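Number of protein chains: 2
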Amino acid sequence: MPNTSITINTPAWLEHFYKQSKDLDSSIESRMDFTIKIAVQNIKEGGGPFGAAIFEKNTNNLISIGVNLVTKSHLSIAHAEIVAICAAQSKFSNHDLSKVCNEGVELFSTTEPCAMCAGAIPWSGVKRLIYGATKQDATDIGFDEGAKPENWIQEYKKRGIDVICEVNRESAKKVLLEYHKNKGIIY
Amino acid sequence: MPNTSITINTPAWLEHFYKQSKDLDSSIESRMDFTIKIAVQNIKEGGGPFGAAIFEKNTNNLISIGVNLVTKSHLSIAHAEIVAICAAQSKFSNHDLSKVCNEGVELFSTTEPCAMCAGAIPWSGVKRLIYGATKQDATDIGFDEGAKPENWIQEYKKRGIDVICEVNRESAKKVLLEYHKNKGIIY
Chain A
-5 MPNTSITINT
5 PAWLEHFYKQ
15 SKDLDSSIES
25 RMDFTIKIAV
35 QNIKEGGGPF
45 GAAIFEKNTN
55 NLISIGVNLV
65 TKSHLSIAHA
75 EIVAICAAQS
85 KFSNHDLSKV
95 CNEGVELFST
105 TEPCAMCAGA
115 IPWSGVKRLI
125 YGATKQDATD
135 IGFDEGAKPE
145 NWIQEYKKRG
155 IDVICEVNRE
165 SAKKVLLEYH
175 KNKGIIY
Chain B
-5 MPNTSITINT
5 PAWLEHFYKQ
15 SKDLDSSIES
25 RMDFTIKIAV
35 QNIKEGGGPF
45 GAAIFEKNTN
55 NLISIGVNLV
65 TKSHLSIAHA
75 EIVAICAAQS
85 KFSNHDLSKV
95 CNEGVELFST
105 TEPCAMCAGA
115 IPWSGVKRLI
125 YGATKQDATD
135 IGFDEGAKPE
145 NWIQEYKKRG
155 IDVICEVNRE
165 SAKKVLLEYH
175 KNKGIIY
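If you read the protein sequences in the order shown, they are chains A and B. Just so you know, the numbering used here puts 98 at position 104 of the first sequence, and the rest follows in order with no gaps. Just so you know, the numbering used here puts 31 at position 37 of the second sequence, and the rest follows in order with no gaps.
It is worth saying that the hints were derived from the structure and are not from the lab. Keep in mind that this is a model prediction, so the values were computed, not measured. Keep in mind that the hints are not guaranteed to be accurate.
Chain copies aren't distinguished; within one or between two, either way the pair holds.
Below, in silico cross-link-like pairs of lysine-lysine (DSS-like), each with a Cα-Cα straight-line distance of 27 Å or less [what the hints assert, rightly or not]:
1. K177 - K93
2. K168 - K66
3. K66 - K93
4. K177 - K152
5. K129 - K152
6. K66 - K121
7. K129 - K151
8. K66 - K85
9. K13 - K66
10. K168 - K129
Chain A extracted, bound-state conformation:
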């Protein structure tokens, strides 16, 4: 099977959120609230309880949205953060998002990134990571988040990436708890 094509199609319903983003202010709370709404919609659409979004810093520009598409794409890498990063890089045809806009880009994730996503972010050119629910909140409902180094936030700082933790955590955690209560698949 040479010349394989590997494809992730992002869902059509994201269009609604792209349109809605025009009315957002650039505060981290508003952007996280928006990203949480995406995770809620992804559950309704039959996906996992995770959402991510990439914005240009200090502007109103939403660059990309990611949702967990592991089962739909048949790809174990298709976590929300990876989908958002790939969608942004595909949009600009550039594997380095630090080069695509003057202000730099920031990644919002409704839950602390797993080991894979935490490893992927430093290669993406993202300059700031903002997350909601914690690793503990995700493991409490049965998700394996993998093994990250304890000092991962310091390792990010060394590479020029800031991390803002637990923004709107209670709302983000509520999404995980609701998913668990409704017996959502844990994978």
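Got chain A; can you put chain B on it based on the hints?
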């Protein structure tokens, strides 16, 4: 930009290696030697000095090949291991490679996986990882491998994944050193 499609096309020249794999025995040394040849060819084709391949354990079946396609695909996630994992999962339309064959599948990588790839492997269904050159060999020529937990191999074991380290390391390291000597791009 809703409904984005994210695509990685694997190169046509891999066909030669798919054909050649019919003559391989299932020893880890032969399989690693084969994977190193893929990395060498990827450099000749203008890519990075990394190769990966997924085989069914204890049979002669090559399942997929991965090479570093970061610059060609404009995706920072497109490391050799990720490409091999995605190609295998796309082939079987299954995000869990532990389900696709009776014997289980094993991933060969010419260099110890970076933080992202090491995080991705436990989600893929791969049952054994075999690598050649070490993280130190890669950092010695300037690649940033990211921060993995010190006990990552134990964490793999907990999840039922074996790791065999430094198979044909000297040959694998030689590929990195040659790449460096010829002023290959470090990204």
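Going through the hints against the structure:
In this homomeric assembly, K177 and K93 come within 27 Å of each other (Cα to Cα) only across copies, at 23 Å, whereas the closest approach inside a single copy is 42 Å. In the homo-oligomer, the alpha carbons of K168 and K66 lie at most 27 Å apart inside one protomer (24 Å), although the nearest pairing across protomers, at 40 Å, exceeds that limit. For the homomeric pair K66 and K93, the shortest alpha-carbon distance between copies (17 Å) is at most 27 Å, but the shortest distance inside one copy (31 Å) is not. In this assembly of identical chains, K177 and K152 lie within 27 Å of each other by CA distance solely across copies; the values are 26 Å between and 40 Å within a copy.
In this homomeric assembly, K129 and K152 come within 27 Å of each other (Cα to Cα) both inside a single copy, at 22 Å, and across copies, at 18 Å. Only between protomers do K66 and K121 lie at most 27 Å apart by alpha-carbon distance; the minimum there is 23 Å, versus 29 Å within a single protomer. Taking the shortest alpha-carbon separations for K129 and K151, both the intra-copy value of 19 Å and the inter-copy value of 21 Å come in at or below 27 Å. In the homo-oligomer, the alpha carbons of K66 and K85 lie at most 27 Å apart both inside one protomer (21 Å) and across protomers (14 Å), since each shortest distance falls under that limit.
Proximity of K13 and K66 under a CA criterion of 27 Å is satisfied intra-copy only: 24 Å inside one chain copy versus 31 Å between copies. For the homomeric pair K168 and K129, the shortest alpha-carbon distance inside one copy (14 Å) is at most 27 Å, but the shortest distance between copies (40 Å) is not.
Comparing the model with each earlier hint shows no violations; every hint is respected.
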